[in-house]
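**Q** The chain contents come next:
2 protein chains.
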Amino acid sequence: MNIAIVGAGNVAWHVAQGLQATGNAVTAVYSRTLTQASELTNLLPGAVAKADLDFRDVATDVILIAVPDAAIFSVANQLKITPGSIVAHTSGSQPISVLGSIDGADTGVFYPLQTFSKQAPVNLQQVPILVEGSTEQATQKLEQLAQSISTKVEHVTSEKRKQLHLAAVFACNFTNHLLGISQELLQKADLTKDLLQPLIQETITKAATHNPFTVQTGPAIRGDKNVIEDHLQLLENNPLLQSIYQQLTQSIQEKKLS
Amino acid sequence: MNIAIVGAGNVAWHVAQGLQATGNAVTAVYSRTLTQASELTNLLPGAVAKADLDFRDVATDVILIAVPDAAIFSVANQLKITPGSIVAHTSGSQPISVLGSIDGADTGVFYPLQTFSKQAPVNLQQVPILVEGSTEQATQKLEQLAQSISTKVEHVTSEKRKQLHLAAVFACNFTNHLLGISQELLQKADLTKDLLQPLIQETITKAATHNPFTVQTGPAIRGDKNVIEDHLQLLENNPLLQSIYQQLTQSIQEKKLS
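If you read the sequences in order, they're chains A and B.
Under the working numbering, the first residue of the first sequence carries the number 1, and numbering increases by one thereafter.
Under the working numbering, the first residue of the second sequence carries the number 1, and numbering increases by one thereafter.
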């Protein structure tokens, strides 16, 4: 398929190259400056760098909008397209409706569920891609496009994607923050963070193959009041952290009862 | 060295076999019943199964107490030993002082920092072992023993081990619980938990090589109030989870400011 990409950031960077490598043609890349767009088109033979949103002069089966969430609506509003193109955004947290109604185009979502940075290579084959279309035809076409770069393609509605995003906040954003708190505690005790690494990896591996609630360990699930009291005392200079400790402990204990 | 082991649970199981495999001799294993002790001594040529705590009839450079935290004090109290032995427990959360003072023995801690289950093989070489002794000599001997099975041996005091344990609660126990919450949310939305697995693994990998606070992503760090409001609404039937979400969000935002 012929694909135009709006954006030259981390997602655009990997998706554009992934699509080109699997037999699709990236025909144009837009960024706010030609220089930024060219950095990516330099890697994509045949692609045109653009600093305007008029795509009527290039072939576009699909136009992918890979820009920050807050900019999607405004970009979609300014697009000039050849009728019959599909316009899809790549955001996990935004509904399909943020694109509004675009004259002559079906709309959709093409969401690669991974964090990207330009420096780090990504095996897109293993990255889940969640698609949604405003019409049956758009959904099918986006699925077909996703299947050309990934083996893990799912059709997920905006409503379900919102639930997925909430689950990802718990599993990734909050987990990352807890790992940060843990490293800070180790640092204060003058201990290397590497010490906990094998245990962290084992925790994740086990959670991937079991229901985490059934393999929960630690003072909360054991109801070990002395250890919990000791820990709260160690945190006495940080009331917010104390409160987070208490509530997570309570949540673990309620899961045991339920 | 000649080692006797009190306990035949998960830790005893792996540590005993690891010690035997690296040229030490496990001379005895105690459990409350001979049958349980024999299950382990059957795998350890030369080891005697015991259902009493009198170790005066076997050679013991070190006696390792690998029993539940609550039983350590009582076990240590009942031990009958050959003077000159070192008595060490294997617990992460208990201070060396829980062993009390044992006539004729130095005391210590020999703590393998990993979760063990009998079924799952463990590469002890990669498991950090934290040791502490009541005397310089005991510390050295326990370090030497630990180095025979692991490349990651550290001398850590009881005070620091307590801090480490607190850090492990955040990084492992609480993280595991968040992964459980996440899986439950996915299940409610009829989505497979495998979807988030690549993102979770990437989160952990990144946190191992960066300061997690500097690579934080998600609505909290972006200050995305609309998404946060949406998420809190999705959790409206679970006030505890709402509160955990709010406090972790606040903690992420305070880290950004600090």
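A hint or two may mislead.
Covered by chain A, per the in silico footprint, the following chain B stretches (three or more residues, Cβ under 8 Å) [as the list claims (entries may be wrong)]:
(1) 7-14
(2) 19-33
(3) 41-48
(4) 53-62
(5) 71-81
(6) 96-105
(7) 135-143
Here are the simulated lysine-lysine pairs, DSSO-like style, with alpha carbons at most 27 Å apart [said to hold, decoys possible]:
(8) B:K152 to A:K256
(9) A:K193 to B:K206
(10) A:K255 to B:K152
(11) A:K206 to A:K160
(12) A:K152 to B:K160
(13) B:K141 to A:K206
(14) A:K193 to B:K80
(15) B:K160 to A:K188
Source of the hints: derived by calculation from the structure; they are not laboratory data.
The beta carbon of each residue, even a glycine, is placed where N, CA and C say it ideally should be.
**Q** Are there hints from earlier that the structure breaks, and if so, what are their numbers?
**A** 1, 2, 3, 4, 5, 6, 7, 8, 10, 12, 13 and 14
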